[in-house]
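K.L.:
Using the sequences and the accompanying hints, generate a full structural model.
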Amino acid sequence: MADWGIMLTGVVICGWCIFSAIYDDFIRRV
6 MADWGIMLTG VVICGWCIFS AIYDDFIRRV
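Note that the sequence shown covers residues 6 to 35 in my numbering.
The set of hints was computed from the structure by calculation and includes no laboratory data. Check before you lean on any hint, since a few could be wrong.
Claimed, not checked - Pairwise CB distance ranges (calculated):
#, residue 1, residue 2, range
1, 34, 14, 39 to 45 angstroms
2, 7, 35, 38 to 44 angstroms
3, 8, 28, 27 to 33 angstroms
4, 14, 35, 39 to 45 angstroms
5, 7, 34, 37 to 43 angstroms
6, 8, 29, 30 to 36 angstroms
7, 8, 35, 37 to 43 angstroms
8, 11, 32, 27 to 33 angstroms
9, 9, 30, 39 to 45 angstroms
10, 30, 10, 26 to 32 angstroms
11, 7, 28, 39 to 45 angstroms
For each residue, glycine too, the CB sits at the ideal point set by N, CA and C.
P.N.:
And the structure:
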């Protein structure tokens, strides 16, 4: 359970980092 929670948290953080990077790049282009 603990390993699953850590993995899920890692996926969420990684996904947020990718989304944030794409969003920041989009804002700079506009």
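K.L.:
Given a hinted range of 26 to 32 angstroms, is it respected by the beta-carbon distance of residue 30 and residue 10?
P.N.:
Between residue 30 and residue 10, where Cβ atoms are some 31 angstroms apart, the hint holds.
K.L.:
Just tell me: holds or violated, for the beta carbon distance of residue 9 and residue 30 against 39 to 45 angstroms?
P.N.:
Since residue 9 and residue 30 have Cβ atoms about 32 angstroms apart, the given range 39 to 45 angstroms is violated.
K.L.:
Just to be sure I understand the hint, the distance between the Cβ atoms of residue 8 and residue 29 should be within 30 to 36 angstroms; is that true here?
P.N.:
31 angstroms, holds
K.L.:
Does the Cβ pair residue 7, residue 28 satisfy 39 to 45 angstroms?
P.N.:
Given about 31 angstroms between the Cβ atoms, the range is violated.
K.L.:
Between residue 8 and residue 28, is the Cβ distance one that fits in 27 to 33 angstroms?
P.N.:
Holds - the Cβ-Cβ distance for residue 8 and residue 28, about 30 angstroms, lies within 27 to 33 angstroms.
K.L.:
With respect to the beta-carbon atoms only, verify the hint that residue 8 and residue 35 lie 37 to 43 angstroms apart.
P.N.:
This hint holds: roughly 41 angstroms between Cβ atoms.
K.L.:
I want to verify a distance hint. Is the separation of the beta carbons of residue 34 and residue 14 within 39 to 45 angstroms?
P.N.:
Violated, at about 31 angstroms.
K.L.:
Evaluate the given range 38 to 44 angstroms for the C-beta pair formed by residue 7 and residue 35.
P.N.:
42 angstroms, holds
K.L.:
Would you say the C-beta atoms of residue 11 and residue 32 sit inside 27 to 33 angstroms of each other?
P.N.:
31 angstroms, holds
K.L.:
Do the Cβ positions of residue 14 and residue 35 conform to the proposed distance bound of 39 to 45 angstroms?
P.N.:
32 angstroms, violated
K.L.:
Does the Cβ distance between residue 7 and residue 34 fall inside 37 to 43 angstroms?
P.N.:
41 angstroms, holds
Comparing the model with each earlier hint shows violations of hints 1, 4, 9, 11; every other hint is respected.
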